[in-house]
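K.L.:
Protein chains in written order, with this note's numbering: chain H, 1 to 419; chain U, 1 to 57; chain G, 1 to 436.
No false leads were slipped in.
Listed next, the in silico EDC-like pairs over lysine to aspartate or glutamate satisfying Cα-Cα at most 16 Å (straight line):
1) H:Lys-226 / G:Glu-210
2) H:Lys-388 / H:Asp-285
3) H:Lys-247 / H:Asp-98
4) G:Lys-188 / H:Asp-228
5) G:Lys-183 / G:Glu-210
6) G:Lys-157 / G:Asp-227
7) H:Lys-407 / U:Glu-48
8) G:Lys-157 / G:Asp-83
9) G:Lys-183 / G:Asp-360
10) H:Lys-247 / H:Asp-17
11) H:Lys-407 / U:Asp-46
12) U:Lys-14 / U:Glu-25
13) H:Lys-180 / G:Glu-236
14) H:Lys-180 / H:Glu-361
15) H:Lys-247 / H:Glu-275
16) G:Lys-49 / G:Asp-95
17) G:Lys-396 / G:Glu-300
18) H:Lys-119 / H:Asp-17
19) H:Lys-402 / U:Glu-48
20) G:Lys-96 / G:Asp-86
21) H:Lys-175 / H:Glu-352
22) H:Lys-180 / H:Asp-359
23) H:Lys-5 / U:Asp-51
24) G:Lys-188 / G:Glu-210
25) H:Lys-402 / U:Asp-46
26) H:Lys-388 / H:Glu-292
27) H:Lys-283 / H:Asp-297
28) H:Lys-402 / U:Asp-44
29) H:Lys-180 / H:Asp-202
30) H:Lys-407 / U:Asp-51
If you're looking for bench data, these hints aren't it; they were derived computationally from the structure.
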Amino acid sequence: MSDLKASIAAANQETVDRILAGQPVWVDVRPAIEVVPGMTRNMVLHSSPRIEWGRMCGPHRNGIIGAVLFEGLAQTRDEAIHLIENGDILIDTCHNHDSVGAGAGITSASMPVVVVENKTYGNRAYCDVFESGALQSLKWGWYDEKVGAHLHWLAEVFAPVLRAGIECMGGLDVKSIVAKAVQMGDECHNRSIAASSLFFKDLMPYLLRSQVKEADLLQAVDFLAKADHFFLHVTMAAAKAVLEPAKDIPYSTVVTAMARNGVDFGIQVSGLGNEWFTAPAGKVDGLYFRSEWGPGDAALDLGDSCITETVGLGGLIQATAPTVQQYVQGTLADAIRNTVEFREICVSTNRELQLPNLDFEGTPVGIDIRKVVQTGILPILDTGITSKEAGLIGAGQARAPKECFEKALRAFVARYAQA
Amino acid sequence: MDTDDKRLLRQEIKTVNIGLELFGEALRQQGLQVVQVDWRAPADGDPELLDILAQLL
Amino acid sequence: MFLGYEMEPKELQAAVDEANQKALGILLASQPVWTDVRQAIEVLPGMTKSTILHAGPPIAWDRMCEAQRNGVINGILYERLADARDEAIRMVEEDKVILAPCHDYGTVGGMAGITTASMPLVQVRNERTGNDGYSQLFQGPDVQAWRSEDYSSAAVKQWCYLEQVLGPALQGAIRLRGGLDVKSLLAKALQMGDECHNRNVAGSALLMREMTPYLLRAGIGRQMLHDSIDYLARAEQFCLTLGMAAAKATVEPAKGIPYCTIVTTMARNGTDFGIKISALGEAWFTASANPVQGLYFSSEWGPQDAALDMGDSAIMETVGLGGMVQASAPALQQFVGGSFRRALELTREMRGISVGTNRDYQLPNLDFEGAPIGIDARRVVESGITPILDTAIAHKAGGVIGAGQARAPLACFERAMEAFSQGPAGATGSRKATPA
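If we strip away everything but chain H, and leave its shape as in the complex, we get:
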């Protein structure tokens, strides 16, 4: 084996070791302005990669306008757009601020975020608190009076209650919930009902003992009792937190981020630092929630939520969640085959997350760009389908585009190989 190949192998092993050594603990809930690095009163974050205002898809544009209105920075849509076009609103990606955001990923100063600390390395990552199960929510670019009122309730009533519960608990070990959830039919991206239910059960004894007003407690419990997808946002922050220390390892060909903004799909690679390798985002294949909706209404793939696939959850472990196959009329055999295939493009397996349907083998972890290009096996992302303008209209799956991996590979050889 050449020196280069040996260096890559060693770097990849270290990358995966760091990911697996991560101990993500949910420690706090705070308004973004208090904890997200670099957050300012006039800033709105969105899902990656970066994109100019003029190129943004509907959900991102409408979501950012909605955030500006929510923060009271403008009173009307026209005012908001004016501020944005003038550069008075700072627009950046969640990823650039140690954060991730589901859907359009719209995060602004007053919005509450979950704080997850990777206890092994001390770094923290953030994700917006689950907003709502409604199809019309800011997460999907929809803003109106009702959404605004709910966002205020989340920030002023729900988040403080949640914070008190987490504090009383002394933090929540995210991995232990995920490890159980993947044995209960969750792949932890499109399906988190087990994780959310286990979290609810674990939280309740502590929530009752925390010093919160009874009326607020009742509202918070009612909300959580119905929130099937609540835990996704915690899983996402945890994924970001465990991937961060695995970045910037020289010679590593392991993917450390995947994200899309409805226009572009981007990946980051450990040995290539902060650079994003982008290609056009793809279509999402799946089912629409109403018969009047179809592919013609859909935005392209969007969201930071494929940070879950990046650590070997979601579409990478469909074998554990045949329920998710229903969106693409797949069978369990399809799901198992897909998951088994992903072992070919991953460096290792995570023995802490075991899949009953594969006789308790670990989840695949550490997507290697070399293997992706060589085999042509592209990561599957389980994901929602967003409307071109705003709102969630369906669910299904998409593949990461091969061009991203090819671009990254070329950049890698340019940096590391002898001429």
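Use these hints to put chains U and G onto chain H, whose structure you have.
P.N.:
Below, chains U and G without anything else, positioned relative to chain H:
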């Protein structure tokens, strides 16, 4: 040698088909057991990428 | 074989098939709703202050296994019918208490299944047919298999807790909620890795989400609220209580259909395994209970410590859940050194002895096929394939020490079909057990 060839064709033939599924289907229709191997050309046969991969993998 | 009937074999066959379809229809149409929590003495017909109910078919005191005997003694102490173990034992020997199966009083009990007058039971109403099924809240004390005296006081303390704290709390909450659809709860749980007998962690977590908003509003005191929430947060098997009561409410209307060979009850008391089939009403057909194959929760225990198969929880398999749908819960294969493939195969095997499919309970690991339902005693005898039960392992003296699986004994089904073959005269609807 002649005899060996004839013996081979009289035995039960099990086949592995790599590549175009059409060939495997034709055999199946004649009642033969066929295992289809999911094979793709590495890097889709792209010479530049193959060259890069040769250095890295 | 069907000599007792004044019919041609083909005619009888047709009558059996038709009767079985009728029973299947009744089982499928069941709409179990959790409506209330009530004390046994208030709701079980014929219950008295000195009746001690137990799991499984009827059994004489001198044949009862140690775990059930301990349970009976503890029950007597709990009801304050006696002050000490010796006194309690004397009461039994002098026939001062009535010992009877839970099943024959409209309720079901897990493990030893001890049910006494003051104990709170969940009430699940079959809204389609109007009948109620009951099940105890008690799944076994947290402490496993102590020495007799310590176990007694631990058991009694747990029962007091259920009577004074959890029972009233849940009663307040479920009344406020106005009922809970048990079928849709179990259907969701089946898609989350539960098979609803040995594995109920999903169902119990879902239940907590359903009930907490009402517990908070039920006007129970702070301490009671905290205690109840703490219990539910720990009690991973809690959902089984509802599942069992729902199953009981489901099978009752399917009893007593002439010519019907569908199994309406399976239950064990740690000594005998007993079944009932529809055409033969309340008659029990028994054989020796089998040992349970599985894993022990601690290395200090092994097969030499284990009681035989015990509990009314086999009512879950009777309605097509638990061991009948192992494909839903591959996580349980670890307890029996099995595999995912084995789980799928076993479920297919169970389909072979069942007459129908329940579209309300879809199994993701079988590409959403419905669960098998309606065990046909005829098919069991013809094929020699008996129902497989997922079940806990009890310590000989009481308490849960492991989990695994057991087969229902073929002899029960053979005896039932033999009685069936005697003709309509065999269908006496008698409550007596046939000799083992």
